[in-house]
Amino acid sequence: MTVTEQRPGGEVGRDRRRKEDARLITGRTAWTDNLSLPGMLHLAIVRSPMAHARITGIDVTAARGAPGVVDVFTGRDVADLQGSMPCVWPVTEDTVLPAYPPLALDEVRHAGEPVAVVAARDRASALDALELIEVDYEPLPVVLDMEEALADGAPLVHDAAGTNRCYTWILDSAQAGTGADVARMEAEAEVVVSRRFIQQRLVPAFMEPRSTVVDPTGDQITMWSSTQVPHILRVLLSLGTGVPEHKIRVIAPDVGGGFGGKLEVTPEEFIAFAAARRLNKPVKFTESRSEAMLSAHHGRDQIQDITVTARRDGTVTGMSARLLANMGAYLGIITPGIPILGAFMFGGIYKFPAYRFECTGVFTNTTKTDAYRGAGRPEATFALERIMDELAVELGLDPLELRRRNWIERDEFPFTTAAGLTYDSGDYAKATDRATELFGYDALRQEQAARRAAGDTVQLGIGVSTYTEMCGLAPSRVLGQLRYAAGGWESASVRMLPTGKVEVVTGTSPHGQGHETAWSQIVADQLGVAFEDVEVLHGDTRASHKGLDTYGSRSLAVGGIALVNACRRVVEKAMPVAAHLLEADPADLEFTDGAFRVKGAPGAATKTLADCAFAVFQSHDLPDGVESTLDADATYDPENFSYPHGTHLCAVEVDTETGMVKIRSYVAVDDVGRVINPLIVDGQVHGGVAQGIAQALFEEARYDEDGNLMTGTFVEYTIPSAADLPDLVTDRTETPAPGHPLGAKGVGEAGTIASTPAVVNAVVDALRPLGVADVRMPCTPERVWSTIQAARAANGGELR
Amino acid sequence: MTRISMTVDGVRYDDDVEPRTLLVQHLRDRLGKVGTVVGCDTSNCGACTVLLSGRSVKACSILAVQADGADVTTIEGLAGDGGELHPVQAAFHEQHGLQCGFCTPGMIMAAVDLLTENSEPTDAEIREGLEGNLCRCTGYQNIVRAVRAAAESMRTSVPSTPESAEAAEAGSRQGVTT
Numbered sequence: 001m002t003v004t005e006q007r008p009g010g011e012v013g014r015d016r017r018r019k020e021d022a023r024l025i026t027g028r029t030a031w032t033d034n035l036s037l038p039g040m041l042h043l044a045i046v047r048s049p050m051a052h053a054r055i056t057g058i059d060v061t062a063a064r065g066a067p068g069v070v071d072v073f074t075g076r077d078v079a080d081l082q083g084s085m086p087c088v089w090p091v092t093e094d095t096v097l098p099a100y101p102p103l104a105l106d107e108v109r110h111a112g113e114p115v116a117v118v119a120a121r122d123r124a125s126a127l128d129a130l131e132l133i134e135v136d137y138e139p140l141p142v143v144l145d146m147e148e149a150l151a152d153g154a155p156l157v158h159d160a161a162g163t164n165r166c167y168t169w170i171l172d173s174a175q176a177g178t179g180a181d182v183a184r185m186e187a188e189a190e191v192v193v194s195r196r197f198i199q200q201r202l203v204p205a206f207m208e209p210r211s212t213v214v215d216p217t218g219d220q221i222t223m224w225s226s227t228q229v230p231h232i233l234r235v236l237l238s239l240g241t242g243v244p245e246h247k248i249r250v251i252a253p254d255v256g257g258g259f260g261g262k263l264e265v266t267p268e269e270f271i272a273f274a275a276a277r278r279l280n281k282p283v284k285f286t287e288s289r290s291e292a293m294l295s296a297h298h299g300r301d302q303i304q305d306i307t308v309t310a311r312r313d314g315t316v317t318g319m320s321a322r323l324l325a326n327m328g329a330y331l332g333i334i335t336p337g338i339p340i341l342g343a344f345m346f347g348g349i350y351k352f353p354a355y356r357f358e359c360t361g362v363f364t365n366t367t368k369t370d371a372y373r374g375a376g377r378p379e380a381t382f383a384l385e386r387i388m389d390e391l392a393v394e395l396g397l398d399p400l401e402l403r404r405r406n407w408i409e410r411d412e413f414p415f416t417t418a419a420g421l422t423y424d425s426g427d428y429a430k431a432t433d434r435a436t437e438l439f440g441y442d443a444l445r446q447e448q449a450a451r452r453a454a455g456d457t458v459q460l461g462i463g464v465s466t467y468t469e470m471c472g473l474a475p476s477r478v479l480g481q482l483r484y485a486a487g488g489w490e491s492a493s494v495r496m497l498p499t500g501k502v503e504v505v506t507g508t509s510p511h512g513q514g515h516e517t518a519w520s521q522i523v524a525d526q527l528g529v530a531f532e533d534v535e536v537l538h539g540d541t542r543a544s545h546k547g548l549d550t551y552g553s554r555s556l557a558v559g560g561i562a563l564v565n566a567c568r569r570v571v572e573k574a575m576p577v578a579a580h581l582l583e584a585d586p587a588d589l590e591f592t593d594g595a596f597r598v599k600g601a602p603g604a605a606t607k608t609l610a611d612c613a614f615a616v617f618q619s620h621d622l623p624d625g626v627e628s629t630l631d632a633d634a635t636y637d638p639e640n641f642s643y644p645h646g647t648h649l650c651a652v653e654v655d656t657e658t659g660m661v662k663i664r665s666y667v668a669v670d671d672v673g674r675v676i677n678p679l680i681v682d683g684q685v686h687g688g689v690a691q692g693i694a695q696a697l698f699e700e701a702r703y704d705e706d707g708n709l710m711t712g713t714f715v716e717y718t719i720p721s722a723a724d725l726p727d728l729v730t731d732r733t734e735t736p737a738p739g740h741p742l743g744a745k746g747v748g749e750a751g752t753i754a755s756t757p758a759v760v761n762a763v764v765d766a767l768r769p770l771g772v773a774d775v776r777m778p779c780t781p782e783r784v785w786s787t788i789q790a791a792r793a794a795n796g797g798e799l800r
Numbered sequence: 001m002t003r004i005s006m007t008v009d010g011v012r013y014d015d016d017v018e019p020r021t022l023l024v025q026h027l028r029d030r031l032g033k034v035g036t037v038v039g040c041d042t043s044n045c046g047a048c049t050v051l052l053s054g055r056s057v058k059a060c061s062i063l064a065v066q067a068d069g070a071d072v073t074t075i076e077g078l079a080g081d082g083g084e085l086h087p088v089q090a091a092f093h094e095q096h097g098l099q100c101g102f103c104t105p106g107m108i109m110a111a112v113d114l115l116t117e118n119s120e121p122t123d124a125e126i127r128e129g130l131e132g133n134l135c136r137c138t139g140y141q142n143i144v145r146a147v148r149a150a151a152e153s154m155r156t157s158v159p160s161t162p163e164s165a166e167a168a169e170a171g172s173r174q175g176v177t178t
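If you read the protein sequences in the order shown, they are chains Z and S.
Sequential numbering of the first sequence, starting at 1, is according to the numbering used here.
Sequential numbering of the second sequence, starting at 1, is according to the numbering used here.
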């Protein structure tokens, strides 16, 4: 039997408009907060106003008597019921895993920590009653700065731990046998460049605030939640509370964005679960935006000390990264692992013979950190691409030329890096050539030189970022070696309905990515059915009992293969049925263009999968031993990550008198392997780049000295509007992922990973003649202006 | 409680409301108009934008009692009686102007108002005009393109079909999108 991979003129590669849109553009969307159940109670949460304090008393008497209030409870009241929040990624044997009760018991460790809960007949009554709850706090010393937290005698976030150090994780290529010794390279280097970069704290800021509804009244306890990870949530709810897994059903209905921010199992979900069980009534909790800013996990927040060594001819010889990573006050499900996802990427696309990475996780009295789009890899790529520019300046080379001299050439793949990863494929020169052409690199350099010579008050800067990323999380064996508690496989089921229509069940859990559309395109080609005849089911553990959900650019790269494999099994199962219907030998059949036919007999009779599905439904006349179903499942565990790459170029104009940065042009050429739906891929790049630009120019979560979040609403935490962002030029090169039946690599995080260093490199490049060698993110006008003033003062006020 | 009366998406509702009730709470919690959503508590995000007697308003920034007697159009009432999409809805679909779709109801209503004001906006005017509506998914690129396409289709009043839009798109795309 022969199976063709793709129909000519088929669905894959086509700009299909999304199936999801019909409900989203007409307001018929199923957001969790839209749900209303009979007798449902509404929850509101008292949150700590203190960053660190002992709870000495909670008086809920007045609140209990308030109109509409049904129940008020504290952590003590539900201590036996509420369970404890899990962390599934202790990265070392001695990682400190502090107790993390969903509702605080005796002590609060960050502003916003849940302290007490009101359940009322409506949301307004619940919120009113919050005001009547009296909590007595005894303030404790607060520690916010990571270096201070590690100093002797620092206040402890968790007394019982005896330290604020969560872990130290080291990857040394000399010790691992994957490369040379960084220390020796530093001793022998002709050029050494060291820099400290600060990855500011960010807020994922998904547009839909998190919401959870729990209905305990059925045979299973059902939780609807605005989550990226319904399957992981079900497992961890069970393990964390002791409720048997088969008695829990989790549903992620329409979910309004995540960006890693909903790759979490949250105290609010555990609190709602406990409330529903305590009251035996459906409950709903929907957070306000201010609560989301305070309590949903944050991202980034690293201090990065980077050293690169090189020869005078520009050949890099070693890379060393020492990080402090802010965990916040508690550990979310994968908080310790986020910097480790970056640990393998500080070498990027370059042939560093020696590599060392060391990261220390640090507890502070702040909101916990965890995944945010890119999760460890944007941090690594930023530091690498920034210091490559600094090295280029040191060597007097054009930044692109330095990169050309060091990157892995197309004929050197597969390439094993000093960090131990084996990159599957790529063509960095091709993507870079295309990007420089679209950008007009040489002309912009000429304009820059002219403006510099003229001493223009508005200087032009050009920023380069040539990146790769590891995505398609992840090979389960690698995750096991990294001490992650789960695997990285993905699952798919294909159900052939009697009338020839198809239901596809995926273990991925989309929240804006368009899986319903892209998966339909893949299935249409694989099975020869119409795009419209495919229904994609996801996000409900009753329909989709098995899966590892959506994050880490994994859904297509991993789940897509499971889907293709399931489709191939359907075709294999249909083969004997088709042969029977065609009165032919199965060995003589082929499946092409959606139909079975005798090989080499054009014009002969054909049978479609629909014909086979109906024959199997009837089962009146099946060959002996043929099962009465064509349905098939597949689970796929990748052997390696996938490695998209690309080149992003950014031109900025910086007003040296005001510090204002304006992006003049931005070109993104990405290679994400073969593209299923170009429209969706472009959209992912647009949004990813926007979030990376936002880190470079606009966003920072800041605390005051007492640990109060000063950026607690969209007034202070300034996510960019349409007026703040440029029109992007996007293009692609296509280097198919080898061994992947679709050739796809993943695109969800690429834009975010690439863009931040491109923008900051451009800002620094613009100001280089003023003696500026770095600008801390976000490069706001105030910060740029201050940096210029400091450089001018240091240089005697003149252009250098 | 205050007695108010309003027409929402063509249906008249008479209700007693607490004076402090926001219009968006009234729409969602009382009238079941959950197509309109709440994304923030500081009137920054614009996700709750509706048309109040034809002009866009953030439904979190006015009280239900202030809308007494008003004619409110939400995202649920924008399409025609036969279900034919408003040109702005159609354009958001054709141009991939949405991903997660949470900002979309407000974004579409704001865009409808923008085009009422200015039937031929430049890209810069579209970006300025939608400044009060936040989106985290799209980088706004395809939203701008969708509003531009909607403006064109409303000016020419020729309803675009998926095929014609796809053909036009293929012609303008050529591997590079700007």
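Misleading hints may appear alongside valid ones.
Unchecked claim - Just the calculated beta-carbon pair ranges, DEER-fashion:
#: 1; chain 1: Z; residue 1: Arg-776; chain 2: S; residue 2: Glu-128; range: 25 to 33 Å
#: 2; chain 1: Z; residue 1: Asp-588; chain 2: S; residue 2: Gly-32; range: 53 to 61 Å
#: 3; chain 1: Z; residue 1: Asp-637; chain 2: S; residue 2: Asp-15; range: 53 to 61 Å
#: 4; chain 1: S; residue 1: Met-1; chain 2: Z; residue 2: Asp-136; range: 32 to 40 Å
#: 5; chain 1: S; residue 1: Tyr-13; chain 2: Z; residue 2: Ala-595; range: 48 to 56 Å
Said to hold, decoys possible - Some chain S residues well away from chain Z (every beta-carbon gap over 12 Å; in silico):
#: 6; residue: Gly-69
#: 7; residue: Glu-131
#: 8; residue: Thr-156
#: 9; residue: Ser-157
Everything labelled a hint here was simulated from the structure, so no lab data went into it.
Cβ coordinates follow ideal geometry from the N, Cα and C atoms, glycine included.
Under the constraints set out in the numbered hints, which ones does this structure not fulfil? 7
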